[in-house]
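Q: With the hints as your guide, set chain B onto chain A.
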Amino acid sequence: GAVVSQHPSWVICKSGTSVKIECRSLDFQATTMFWYRQFPKQSLMLMATSNEGSKATYEQGVEKDKFLINHASLTLSTLTVTSAHPEDSSFYICSARDWRGQPAGGGELFFGEGSRLTVL
Amino acid sequence: AQTVTQSQPEMSVQEAETVTLSCTYDTSESDYYLFWYKQPPSRQMILVIRQEAYKQQNATENRFSVNFQKAAKSFSLKISDSQLGDAAMYFCAYRIPAGKSTFGDGTTLTVKP
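Chains as they are written, first to last, in the numbering used here: chain A, 1 to 120; chain B, 1001 to 1113.
Each hint should be verified, as a subset may be incorrect.
Example chain B residues on the side facing chain A (calculated, C-beta under 8 Å, incomplete) [claimed, not checked]:
| id | residue |
| --- | --- |
| 1 | Gln1044 |
| 2 | Met1045 |
| 3 | Phe1068 |
| 4 | Ser1074 |
| 5 | Lys1078 |
| 6 | Gly1104 |
| 7 | Asp1105 |
No wet-lab data here; the hints were simulated from the structure.
Keep in mind that this is a model prediction, so the values were computed, not measured.
Backbone N, C-alpha and C fix where the C-beta goes; we use that ideal spot for every residue, glycine too.
So here's chain A without its partners, still in its complex pose:
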């Protein structure tokens, strides 16, 4: 299957600093990527849909200025947590849809390895 790589896999930062997480589709082009947040033993909460060449679409309740998303190329989306605070500590996951060989609308979702953010 397709490969999505996420980096870094874990990061520790001080409160008030900004952290950038990268999500790359390694063997396919992804016009759309998704960013999720997951708390321990809970489901994935969609934060935003990242669209290549245009602004991201944020879910209700997600602060756009706090979680900056950039999708500058067909293989890379970045999530920047600005002025991070301890409450931003979480597991962040990205996914990308691979449309190759799929019927219209049937693109498969592939997930990155996830990034664990700890804000001290």
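A: Positioned in the frame of chain A, the structure of chain B alone reads:
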């Protein structure tokens, strides 16, 4: 709004036995996709099986199969000959074509040796 419900927060199965994980969903759409994802302790989400709503035949992938009941809006996952490596959190998911996915709350599966 579409919702996905997994009524079993935790399940356990003896190695080599069979276990069924439940999932129900609510939608007014006629064309959609259903998925089961596995999230092992490594936290990497892995697709286990998918089902297109327009297909009447239940999807099967080796030891994994689904019981798709469209009228009842039910999509259960059966794991046969359970292995220790099957231990993980399993998420049921729904989406319409080209839409965003909605995930259930997950079921943690424990496999006992």
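Q: Please go over all the hints and tell whether each is borne out by the structure.
A: Each hint, compared with the structure:
no., hint, result
1, Gln1044, "holds, 5 Å"
2, Met1045, "holds, 4 Å"
3, Phe1068, "violated, 16 Å"
4, Ser1074, "violated, 19 Å"
5, Lys1078, "violated, 22 Å"
6, Gly1104, "holds, 7 Å"
7, Asp1105, "holds, 5 Å"
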